[in-house]
Each structure stands twice: as C-alpha cells, then as structure tokens.
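Trainee: If you read the sequences in order, they're chains A and B.
Position 172 (the first sequence) corresponds to 172 in the numbering used here; numbering is contiguous.
Position 124 (the second sequence) corresponds to 124 in the numbering used here; numbering is contiguous.
Take the hints with a grain of salt, since some may be wrong.
[As the list claims (entries may be wrong)] Pair ranges (Cβ atoms, derived): (1) B/57 x A/46: 41 to 49 Å; (2) A/152 x B/152: 34 to 42 Å; (3) B/29 x A/203: 51 to 59 Å; (4) A/114 x B/58: 37 to 45 Å; (5) B/229 x A/225: 54 to 62 Å.
[As the list claims (entries may be wrong)] Taking lysine to aspartate or glutamate pairs in the EDC-like style, the calculated list, with each CA pair at most 20 Å apart, reads: (6) B/46 x A/66; (7) A/186 x A/176; (8) B/46 x A/67.
[To be verified] Pulled a few chain B residues facing chain A out of the computed Cβ check, cut under 8 Å: (9) 77; (10) 97; (11) 99; (12) 151; (13) 153.
Since the hints were made in silico from the structure, they are not lab data.
Nothing here was measured: the structure is a model prediction, and the numbers come from that model.
C-beta: ideal position from N, C-alpha, C; glycine also.
Protein chains: 2
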Amino acid sequence: MEKLTLVKVGGKIVEENDSLQTLLNDFMMLDGYKVLVHGGGRSATKIATRLGIESKMIDGRRVTDEDMLNVVTMVYGGLVNKKIVAALQARGVNAVGLTGADMNIIQSVKRPVKEIDYGFVGDVEKVNAQLLSLLIQQGIVPVLAPLTHDGQGNMLNTNADTIAGETAKALSSFFDVTLIYCFEKKGVLMDENQEDSVIETINRPDYEKYVAQKVIQGGMIPKIENAFQALNAGVSKVIITEASQVLKGGGTSIVL
Amino acid sequence: MEKLTLVKVGGKIVEENDSLQTLLNDFMMLDGYKVLVHGGGRSATKIATRLGIESKMIDGRRVTDEDMLNVVTMVYGGLVNKKIVAALQARGVNAVGLTGADMNIIQSVKRPVKEIDYGFVGDVEKVNAQLLSLLIQQGIVPVLAPLTHDGQGNMLNTNADTIAGETAKALSSFFDVTLIYCFEKKGVLMDENQEDSVIETINRPDYEKYVAQKVIQGGMIPKIENAFQALNAGVSKVIITEASQVLKGGGTSIVL
Chain A
1 MEKLTLVKVG GKIVEENDSL QTLLNDFMML DGYKVLVHGG GRSATKIATR
51 LGIESKMIDG RRVTDEDMLN VVTMVYGGLV NKKIVAALQA RGVNAVGLTG
101 ADMNIIQSVK RPVKEIDYGF VGDVEKVNAQ LLSLLIQQGI VPVLAPLTHD
151 GQGNMLNTNA DTIAGETAKA LSSFFDVTLI YCFEKKGVLM DENQEDSVIE
201 TINRPDYEKY VAQKVIQGGM IPKIENAFQA LNAGVSKVII TEASQVLKGG
251 GTSIVL
Chain B
1 MEKLTLVKVG GKIVEENDSL QTLLNDFMML DGYKVLVHGG GRSATKIATR
51 LGIESKMIDG RRVTDEDMLN VVTMVYGGLV NKKIVAALQA RGVNAVGLTG
101 ADMNIIQSVK RPVKEIDYGF VGDVEKVNAQ LLSLLIQQGI VPVLAPLTHD
151 GQGNMLNTNA DTIAGETAKA LSSFFDVTLI YCFEKKGVLM DENQEDSVIE
201 TINRPDYEKY VAQKVIQGGM IPKIENAFQA LNAGVSKVII TEASQVLKGG
251 GTSIVL
C-alpha cells in the first residue's frame, strides 16, 4: 500500500500566522499522500467572547450549547479551515477543507448525558473513508476540521485527536498510514524538565512501566492509549511530537 | 450528456430555518445530478454587527475589508454552508460544502481598485470543474459558498450569482446543465404589480424589446445578461424564479 501521513495539529499552531506558515511549509514538503487535522479552540473562545457568548469548560473540555455550536461551526469549519486551505493552495498543495458532515465522512452520536451535559458534542460512530481515499488518490489533500454530524441535521463539536485517530484507522484500509500527533513538546519526555529527554520508542510494556513510574501521566495517558488503539486497528505508525519536528522525523514513536 | 441542475439561492432563503427546510425538501426531490450555490449576506451582516464590525455597502455591494473577510469566511464557508450540508445529509443527499479554494475549484483575482475599493472581493478567473465533475459522478452534491481564493493564500468574497453562472458554464463541458436563479418573485414579470404575470420565455429579441419598454430594468438586466452569457458558453437552459417554484418547473426561461 502507498504511504499516507496524517498530521494532527492543535489550535495554537494553526491560529498564529507565523507558526501556521512554518507548519504548512513543512507539511508541504512531506512525501506521499497526506491529510491534515486541525483544532481551533482558542479562536472559538476569542470569537465567542466578542459575540458575548460565554465559553464553559469542565475539566478542560468545552461545553457546547447551541450558541457555541454556531461559533465552532463558523470558526473551525470556516475561518480556521479555509485559511489553511487557501494557504496550502498558495503552496501548490491541492487541499480540500472538510468537516465530518461533508460527504458524510464522519458520523457521530451526540454524547449521552451522564453526570455532565457536554451539549452538542459528538462521539465518533463511523468514518466513511472510501470517497476520501478516492480524493486522496486524485492528489487532493484533505484538511479536516474538528466537526462531525449526527445524520439528523445537526453538526457536532468533536475532539480533533479523536477525528485524527478514527480517520487514520479508517484510511488504513487503503493506505500505509503514519499518524502524527503534534503537541507542545518534542515528544514524550523521560524528564519533563529536560526538553531533549525525548523517549524514542514506546511499546506496550514500556508504556506500562512508564505509567507505573509516573514518567507518563495526565493528558498523555489517553493520547498513548489512543495511539495503541490506532495501531491495533491497522495504523502502521503513531508519532507524538512537536509541529516543528514533523518533517525532521523526530518525536516519540508508539509501537505495538 | 447527463442532466445536472444548478440552483442558486440567496441568503434570505437559506438563513431562515423554515424557508431553508422547504427549499431543501424540494432540492432533495430534483432528479439527476445537482449543485447548490448559496448566499448569506444577512447572516454576515448580523454577525459582523455583533462583533462590532461595520458593514459598508456601496450601491448594494459589500465592501470587504480584512475584518469583514474573516466574517464572510466564517459565516458563508462555515455557519451557513455546514448547516445546509448537515440538513442535506439528514435527507440522504450526500452533500459536500466547498468554497472556491477547496480543490482549487474557483480561482479569482482581487478586484482592481478603480473609483471604488471593494477590498477582498474576487472577480472569477478560472473554474476547475474536472474534480468537481468526478465528485458529482460519484453521487456527491456540491454546496458552494460565495467565496473564492486568489492562489496566493487569500480568500476572496465573491458574488453568488457569478459563482453560479461561472460554475454552470464550466460544468457544461461535462453535463447538460440547467441553471436556476432563485429570487423573490415567481419569474420575470410583465407587470411588476401582478405577481402572476410571469413571462414564460425570453429570447434575445424579446429581452431587447422588454428593456426598451422598461418591462425589464434595474437589477434584472445584469441577471439576464449573465443568463445569455451562460447560454452562449454551453449551459442548456437558464431559469429565473422563486425558490418555491424550483421543483414545479415554473419561472421564466431564458433562451438564445
């Protein structure tokens, strides 16, 4: 199968013009087929504030009421997504900006209300990768916004890491997929105070050892759990790194 | 060639939920391949006002400064477009929401400044209909927002009538295209005070006669000129009518 790289970048990188341009310069140079998944939370919060809409967060997760759903639909699907698409087109990369509603790529179910009502938030149910693959094989580079739909006419706010992971899994039926999660450090660090203490490779036994030693903790745990899930579902390689390292091939490789 | 219907609807219809749902019920029932082009000016003005951004209009045309470009990119490309796409998906219509930047479908040039500087407004230069046709032949229904790009990284605000006309022309190399312009009346009226005095067919000599008689005047003149241009460029049929008439086949047919 031909190689495909799926890069997930958070809001911070795509929302500041300098870091966005640097990222896209690197992304442009990546060989083979590619997909970009982006966030945009900071812009959504900023626009919401200007519109007089309060951003409610519970444990770092956004509560998406109807007003906020409109904001994230505008900001993720319009402002951030199209800025990236236009910037890629300027680099000769034939990008297409998509949400999960477009071509029914990602259908979700509104998260059931347990203790907390997150509102219009989608838990991914199904990724339809066939048409997406067809586009990719035509040389098109999909740029995915963190939005899905419920098949009943509603857009749903959806975690960008989840979109990246689920899309990578679905595309692994068609391509040899490398999934790169960008975050604010060069990789998983052996010592959080030493920027260069990047662990090169983590397999399942390593992971369990590092968790026991509290080398790996907090938000990194679900990230790595997702990585193992993706690998189990057919993704060839998962890398966790800083956006600036994507082209250099740095970071931490998660392997089975 | 197989039949394709391209329907252009203005902002008013897609921005009010009742009229949007009615439109989409009719649009869903249209036979054959189809494309929807939408506006969204009222929503853009509303959001801009809430953001404290002034909407400047000259002779009914929007002046698009950088702030307003961000607003129309959000509102047309995100809010309005994705609402339509999700609503079509709920009806089993496999829609994809696109701007001109996506897959480089429509490249424009920023309108040259003469007496008036309209800002980030695009005059369409080139429609690339090949990938769009491929998608359509796969059963996908494109929903086009009134935005294009300049190939240098900038989105440009672009008249929805122009997008509809230029896209219809480009698609006429691949399909037998009917272009339907929806506006607030049932068709071109013989007597503007009589809602039912719709002129069924207008050819070039009729048009010239009606202009001389002032039956046709004002904003209808560029609409019909565009229609003739589209017909000359290979579009099979142009119809001017009310959104509610699209499925019924009413309205005024412009013919060569």
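Trainee: Each hint should be assessed against the structure and marked as holding or not.
Mentor: Now for the hints, and whether the structure bears them out:
{"no.": "1", "hint": "B/57 x A/46: 41 to 49 Å", "in the structure": "27 Å, violated"}
{"no.": "2", "hint": "A/152 x B/152: 34 to 42 Å", "in the structure": "40 Å, holds"}
{"no.": "3", "hint": "B/29 x A/203: 51 to 59 Å", "in the structure": "55 Å, holds"}
{"no.": "4", "hint": "A/114 x B/58: 37 to 45 Å", "in the structure": "54 Å, violated"}
{"no.": "5", "hint": "B/229 x A/225: 54 to 62 Å", "in the structure": "58 Å, holds"}
{"no.": "6", "hint": "B/46 x A/66", "in the structure": "17 Å, holds"}
{"no.": "7", "hint": "A/186 x A/176", "in the structure": "24 Å, violated"}
{"no.": "8", "hint": "B/46 x A/67", "in the structure": "14 Å, holds"}
{"no.": "9", "hint": "77", "in the structure": "4 Å, holds"}
{"no.": "10", "hint": "97", "in the structure": "5 Å, holds"}
{"no.": "11", "hint": "99", "in the structure": "6 Å, holds"}
{"no.": "12", "hint": "151", "in the structure": "6 Å, holds"}
{"no.": "13", "hint": "153", "in the structure": "4 Å, holds"}
Checked against the numbered hints above, the structure violates hints 1, 4, 7; every other hint is satisfied.
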